[in-house]
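All chains, full assembly: derive it from the sequences and hints.
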Amino acid sequence: MPLLECRGLTRSFGGLVAVDNVNMAIEAGEIRAVIGPNGAGKSTLFNIITGVLPVSDGQTVFAGEMITGLPVYRVVQKGIARTFQLTHLFPDLTAHENVRIAAQAQHADRWRPLAGGHVLAASRKVADEALEQMRLSRFSGVKAGMLSHGDQRLLEIGMAIAQKPRLLMLDEPTQGLSIEETDRAVQILRDMLAKGDLTVILVEHDMEVVFKLADKITVLHRGRVIADGLPDEVKANDEVQSAYLGGLE
Amino acid sequence: MRERLVIALSAVLLCLVPLVVPNYTLTLIVEALIFGLFAMSLDLMVGYTRLHSFGHAAAYGMGAYSTALILLHFNLPLPIGIILGVAISVVIAIPIAWICTKSTGVSFAMLTLAFAQLGYAMIFRFKDISGGSDGIGGIPRPAGPFGIDFFQSKSGYFYLVVFCLVGSYLLCRAIVTSPFGAVLTGIRENEAKTRALGYNTRAYKMAVVVMAYGFGSLAGALYTPFAGFVAPELFFWLVSGRVLIMVIVGGAGTLIGPILGGICFMLLEQQLSEVTELWPLIFGSIFIAFVMLAPDGIWGLLTKRFRSKQVVPGDGEDGETSRATP
Ligand SMILES: Nc1ncnc2c1ncn2[C@@H]1O[C@H](COP(=O)(O)OP(=O)(O)O)[C@@H](O)[C@H]1O
Ligand SMILES: [Mg+2]
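Residue numbers (the working numbering), protein chains in the order written: chain B, 1 to 249; chain U, 1 to 326.
Fair warning: there could be bad hints in the mix.
[Unchecked claim] Just so you have them, the derived chain B footprint on chain U, three or more residues with Cβ under 8 Å: (1) 149 to 160; (2) 172 to 179; (3) 193 to 199.
[Said to hold, decoys possible] Beyond 12 Å from chain U on every Cβ pair, some chain B residues (computed): (4) ASN23; (5) ASP92; (6) ALA160; (7) ASN237.
Hints were generated in silico from the structure; no laboratory data involved.
All C-beta atoms in this analysis are idealised placements derived from N, C-alpha and C, irrespective of residue type, glycine included.
So, in structure tokens, the structure goes:
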């Protein structure tokens, strides 16, 4: 049984069908890249899987459980963590506080107004580890808004892994990064993936990054899946070549 | 450590107040402390969750009226009356919080205002119980339980208010530094992200609104037996506006700041409104000056020197320039 299964997911905005009948199955432990030109519907697909936006049609099954229509906080509680294409942080809080709030979300006593010292201590520890993993430990006490763009992207990934998700969804983690920053981010992501048995869906426009990281690739074009498979198969696909890769390479 | 010392010291100093000030001044001070508590309760919403309420008078009025009615119609000791008054207010605050948190921003503020005005209107609608525009007078301070009666004297009541203020402050401080408080901070900084991290932000907002109404109603409940009467003005929007200004001038998001803001402004108002008609103008000017020149409020000004000395070792500006290279 796949960890995540999308069945005919569809989302339209007025007349525009941004995500059109997408079927996709992600096995546990898989690193799946979702690629496609700008406006292909990748971010919208993320938003409807996680419940940030309601679907127009179709279903999402996560770990054997239907999650369609659940509000985003319920979906996330089932074990899905994501980052946003445009960085979503708490800019006025320190890097450490950002990750701590993320880590706390997974604690059963996260809501405690009193007698919650153990929750704070546990979250602090998870936050330290996540910052370490993102190699951001030295910025622990710096306000998130003061970090460089590249470090902010990494911080948001750090928040996502601090949630200890079963499925991690990253929306263009290297967007807007310089070449050096991208290399560093890819190195960190690789280390992170090599370590755990994480399942990942990665939206990425940088083909080099995709071929370095992904086990399998899904290609979206105008909301539809036009190809699906191993990196080499996808690379060789004519339709993909003309729709996307040809234009870039 | 230093902060604890300051708080303990101010508590001790406060306890000496009734011994040194004249009777009339003590009345003013008690009312000021009650208003300090009221302002602090609003800070939970304004400063910690960025939920701007224009109707916090509803909390004050509910606490005041329910306590007044209980003390008047049931032969219960004063502390029990106050506790029941707060409990009733908290129960009424639950549906209010449920409805208000359906919206955000300006509509949230307008909804809170609407509920305060609704309370105001209800006083006039149910004259038989509420006394209408005349209010209710002759509210007693019954002794007990266990023969406790220190609060029947004015200086004794002062100690009761100090006890409630310090207790509420400690409780609120525990709340804002708890896991729950961390979620409130998240909501304040970026609610969408907080939801996307897996928190049901609506539930947290409802909870903090109910808490704020609870502490606010305690202020109202303490006021009633002290003044001996209640009037519909307690629900009036001017009360809501004034307490919001006190939170901002005192320093939103600090608890202590709004307490100081509430106390200072009540004392200033009582002094100045006697000598000059221009008090509202002065009040307005002070508010504008704070918003423009000292947005962190009184407490921000007081702690600025202390804070600027706090440098996080190895972090800060240094971290910006010398980037980590793995
Ligand atoms: N909230 C929205 N309202 C209206 N149109 C939207 C919205 N979000 C995305 N779209 C449209 O849907 C299409 C897909 O967008 P998006 O999912 O962001 O693409 P991608 O992430 O692949 O670049 C685009 O044409 C975009 O303009
Ligand atoms: Mg996108």
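Honestly, which of those hints from before does the structure not fit? Of the numbered hints given earlier, those the structure breaks are 1, 5, 6, listed in rising order.
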